[in-house]
Amino acid sequence: MNTEKDKVMDIKDAIKKFVKNGSHISIGGFTLNRNPMAAVYEIIRQNIKGLHLYAHANGQAVDELIGAGSISKLEIAYGGNARFAPTCIRFKKAIQDGKLLFEDYTNYQMALRFLAGAIGVPFLPTKSSLGTDILNKWGFSKDLREKDPKIPNKKVIVMDNPFDSWGDASKVVLLPAINPDVTIIHVQKADKQGTVRMKGLTFADVEQAKSSKYLIVTCEELVESDELRNDPDQNQIPFFYVDAVVHIPYGAYPTACYRYYDYDPIYLNEYRRYAQDDELFKKYLDKFVYGVKDHQDLLNIIGKERIEMIKADSRTGYAVNLDRK
Amino acid sequence: MNTEKDKVMDIKDAIKKFVKNGSHISIGGFTLNRNPMAAVYEIIRQNIKGLHLYAHANGQAVDELIGAGSISKLEIAYGGNARFAPTCIRFKKAIQDGKLLFEDYTNYQMALRFLAGAIGVPFLPTKSSLGTDILNKWGFSKDLREKDPKIPNKKVIVMDNPFDSWGDASKVVLLPAINPDVTIIHVQKADKQGTVRMKGLTFADVEQAKSSKYLIVTCEELVESDELRNDPDQNQIPFFYVDAVVHIPYGAYPTACYRYYDYDPIYLNEYRRYAQDDELFKKYLDKFVYGVKDHQDLLNIIGKERIEMIKADSRTGYAVNLDRK
Amino acid sequence: MTEYTLREIMTVVAAREIKDGDIVFCGTGISMIAAMAAKHINAPNSVIFFETGAIDSKLEELPLTVADPRVMYFTSMNGGLTDSFATMQNKFIGKHVIGILGAAQIDKFGNLNSTSIGDYLKPKARFPGSGGACDAASFVNRSIIFIQHEKRKFVNKVDYLTSPGWLDGLDGRKKAGLPGGGPSVVITNMAVMRFDEKTKEMYLSGYYPGITPQKILDNMGFEVDISRAKEIKPPSHEELIVLREKCDPQRLILD
Amino acid sequence: MTEYTLREIMTVVAAREIKDGDIVFCGTGISMIAAMAAKHINAPNSVIFFETGAIDSKLEELPLTVADPRVMYFTSMNGGLTDSFATMQNKFIGKHVIGILGAAQIDKFGNLNSTSIGDYLKPKARFPGSGGACDAASFVNRSIIFIQHEKRKFVNKVDYLTSPGWLDGLDGRKKAGLPGGGPSVVITNMAVMRFDEKTKEMYLSGYYPGITPQKILDNMGFEVDISRAKEIKPPSHEELIVLREKCDPQRLILD
Chain A
1 MNTEKDKVMD IKDAIKKFVK NGSHISIGGF TLNRNPMAAV YEIIRQNIKG
51 LHLYAHANGQ AVDELIGAGS ISKLEIAYGG NARFAPTCIR FKKAIQDGKL
101 LFEDYTNYQM ALRFLAGAIG VPFLPTKSSL GTDILNKWGF SKDLREKDPK
151 IPNKKVIVMD NPFDSWGDAS KVVLLPAINP DVTIIHVQKA DKQGTVRMKG
201 LTFADVEQAK SSKYLIVTCE ELVESDELRN DPDQNQIPFF YVDAVVHIPY
251 GAYPTACYRY YDYDPIYLNE YRRYAQDDEL FKKYLDKFVY GVKDHQDLLN
301 IIGKERIEMI KADSRTGYAV NLDRK
Chain B
1 MNTEKDKVMD IKDAIKKFVK NGSHISIGGF TLNRNPMAAV YEIIRQNIKG
51 LHLYAHANGQ AVDELIGAGS ISKLEIAYGG NARFAPTCIR FKKAIQDGKL
101 LFEDYTNYQM ALRFLAGAIG VPFLPTKSSL GTDILNKWGF SKDLREKDPK
151 IPNKKVIVMD NPFDSWGDAS KVVLLPAINP DVTIIHVQKA DKQGTVRMKG
201 LTFADVEQAK SSKYLIVTCE ELVESDELRN DPDQNQIPFF YVDAVVHIPY
251 GAYPTACYRY YDYDPIYLNE YRRYAQDDEL FKKYLDKFVY GVKDHQDLLN
301 IIGKERIEMI KADSRTGYAV NLDRK
Chain C
1 MTEYTLREIM TVVAAREIKD GDIVFCGTGI SMIAAMAAKH INAPNSVIFF
51 ETGAIDSKLE ELPLTVADPR VMYFTSMNGG LTDSFATMQN KFIGKHVIGI
101 LGAAQIDKFG NLNSTSIGDY LKPKARFPGS GGACDAASFV NRSIIFIQHE
151 KRKFVNKVDY LTSPGWLDGL DGRKKAGLPG GGPSVVITNM AVMRFDEKTK
201 EMYLSGYYPG ITPQKILDNM GFEVDISRAK EIKPPSHEEL IVLREKCDPQ
251 RLILD
Chain D
1 MTEYTLREIM TVVAAREIKD GDIVFCGTGI SMIAAMAAKH INAPNSVIFF
51 ETGAIDSKLE ELPLTVADPR VMYFTSMNGG LTDSFATMQN KFIGKHVIGI
101 LGAAQIDKFG NLNSTSIGDY LKPKARFPGS GGACDAASFV NRSIIFIQHE
151 KRKFVNKVDY LTSPGWLDGL DGRKKAGLPG GGPSVVITNM AVMRFDEKTK
201 EMYLSGYYPG ITPQKILDNM GFEVDISRAK EIKPPSHEEL IVLREKCDPQ
251 RLILD
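Residue numbers (the working numbering), protein chains in the order written: chain A, 1 to 325; chain B, 1 to 325; chain C, 1 to 255; chain D, 1 to 255.
The set of hints was computed from the structure by calculation and includes no laboratory data. Hints should not be assumed to be uniformly reliable.
Only some residues are given here: those of chain B computed to face chain C with a beta carbon under 8 Å [as the list claims (entries may be wrong)]:
id: 1; residue: T106
id: 2; residue: G200
id: 3; residue: G317
No residue lacks a Cβ here, since even glycine has one placed at the ideal position from N, Cα and C.
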């Protein structure tokens, strides 16, 4: 929440100001699309630890944060990244090794939990997951729930429909709201004040953004307000939700940003190889995250040719005929 | 629900096919904006009676439907139309005369009830109206609620927060979903298949549309699918929700349609004078509704000069300097 | 001193209540002009938004309703009802929202009736109903109420409690489960009333030049404390210029 | 007869399950190709949509995930997660949606595990988790399940019930409060299984040319009725052409 006119900041400052050890955070995007990677790499570089991460199917960013040891608690619906990682590799390892407190929901449920937080209600109902282990198996202990005021007292609640059979429902599942300390999203366009315009699918970014105490927006293009306000029907987040606007071209790289660039299959395949092994993964971090001073530096390592290769075609919004093997 | 490729229909046929005596209906728009007036006038002309109308602040259309005696039951949040009718006149009269079964909610609550219907849950929660007579005073009798399966068993339910104080809430109000038989909205653009693009505010049109068994869309422009699909981020309703697409330029007249035309202050002032008196109101209906064979005929009576007067300015989307006294 | 009308002083007094950085939930009529005036005068960074979903509209012309096409121009975003009300219910944003409300009846705790007089099912007088007023009054932390100073409007008990004020006073709102704060000020054609910090009972805070506290009491259906009342500073020349030239040059609302 | 791979016959068999007018909830991988193939072959008016919010995408290239930018092109609408899942939960639309799901384990009632094997908190094997699978399996009226035919995958009891099938059979779904119907078909690398209309227990409905029902049983952790089984019609030349040339010319998924 901030009504100021100019919220433009450097990514280093934005992360330092809003993301603390132990913060509850959420990140935008879905699997290999529009993950706020520049911000994620900066979190890793700043060595911020003990984060509680709320994720639906946020993909690449989740895996890198887990791999770097930034996350201590995770609420998640899906840890996969297409054929590059049918199950996200560092996520899989961390859970199998018992190194992560985690709790499973579904994608819709996580989206609804962000929505509940965004609209200021303690819960939202759904019919999804009745009869399943999503309801039965809780990841966070009763003790943790009692001790930590930032975790709801119950994972979910099944309730009989108080309106009898109204809405063709006998029961509903109530899902507790999420209000992260910080949400970070990467978008196509923003102005200095924070009005946001995304292109293509919005995933759950809008709900995540509005549910959060602080909101960092990284953007491909920092544009004049006039451009966004001349057709405000196309904007998705009003400026007062936004606390920091950071201009980072290719800020979602190596994930995609619709109408700007595609995901980089070479990077993601390489990442898979590094991620398979603990020692190799350290090398990955040393080379691609700790070893670069900022996101532009990473792009420099990748090189112009690769960046050119993933450039979006203006008709379709993705890189036509990109070799994605 | 309909996946066919071509749903274009005449308004007469669309109303005849989907709106029956006793249907539960909802209409789009807000006060003097984007009311589906051509469809409303057709309902009146077809002498359809006993409708159950779900309204938030739908304004002009509500008042005309009530005045024409089409409505027997009304769930509503607001019956006013700006300075043209601080309280809608026929609405006020019908209630004061005890001629209408009605029940009051708030605008947010009606919007949430449509949303609940749209997303397929029996209720949605809010903190709005705790401690007020919105909760205490019910318009529909217990007997009616028991007899009529299309009315929920309870107007609202107040529930203690089952997640303790999670979300800073001790209590919530649960609102029963609405699933109308038919919703009618008027939009700026649609294609034959029913993909919809509105400009300006969407009010609760999207939620009303998706909550409904059948959906009639009237539109200013019937455009090629390519135009809408080349930038689908701007579309609000996917085609399969739509059952009929009706092309009626000025279909919201005398209410406004953003970027196309403004509301007509002359018509609305005249309407107010007719509406004040029962006999005069009959004359109004005879002249402007029953006396014309279709919406184009009404526009002919109004005349080109008036239509030109309310034409939207291309920069602002409304009629700049329109005399609105 | 510049001449001014009652509607003008009411509007100016309301505008003065809006703080820089406030997000203003705006109704129709006089409340819209007050919010517009505040942006021009004392709260340039305040944000006007409408329940219909328009955020920070560029109001080149005065909208006649919250659904007027004039609210849709050059906004930060055009959404819908579910967006706008959720903005007020949002735990972070809601705290910064100030509501402006009107009503047909008010009681000493600032509870409002905009639904009906008499029996609910067959009333003597029917009004438009809540619209978004009850929602705003439920959610926001501060609100400004506009009402005419008449005995039949300031009543011991409202016929229908449409929008929650401080309910039965003290911690009534908290007990009911309401999130926001109650009304902060009532602006009438004679006076400005506020609410005691502890009891939440209405008291006379200020009266317009030429109006006596006794006249104000004579026009109310219940007694209020007048010991804290002071004369209100009339609209300045600058305030009036803004109102007349920038906010409502057509005098669509001010007349 | 044209040569074909197992993945190809599985895809074609799934495509045949999609009826014209169906709205297809599509996952990643093979299910996407099946849905694309159906549109080209037997269900031209079916609609593909993705949980990420893309409705009726024009898939000029094969998306690798439901969030691939390729799903965003030339849709009827680009929305988000709350839109897409609500479409399935919607009482009118949901009835016309068919889901395509995968899993690591399945039991005889079609309940699926895509979460983990072993202890939930410290599993032997962790999979991605539900994603939108549990949501789709909860909401839609019919669903197609893809799974490899292996003993460790066809189990008496799934280690974690991620996505509801017919639960404990009979009216198990109704008792649990689930709206939609359960799975209608399971497509493996050997066979097609369906569910008894009354008991909701899995039975062998068809086997691929060259596979015997006994071999199928040998690769399952539980017994099923094989008395209703017939040999499955292999993919036609036309079906294969569509698969190979229109759906996955790069063989991103088919290999």
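Results of checking the hints against the structure:
1. Here the hint on T106(B) is kept, as its CB sits about 4 Å from the closest CB of chain C, short of 8 Å.
2. A distance limit of 8 Å between C-beta atoms decides the matter here; for G200(B) the minimum to chain C is near 4 Å, and the interface restraint holds.
3. Hint status for G317(B): holds, given a least beta-carbon distance of 6 Å to chain C, under 8 Å.
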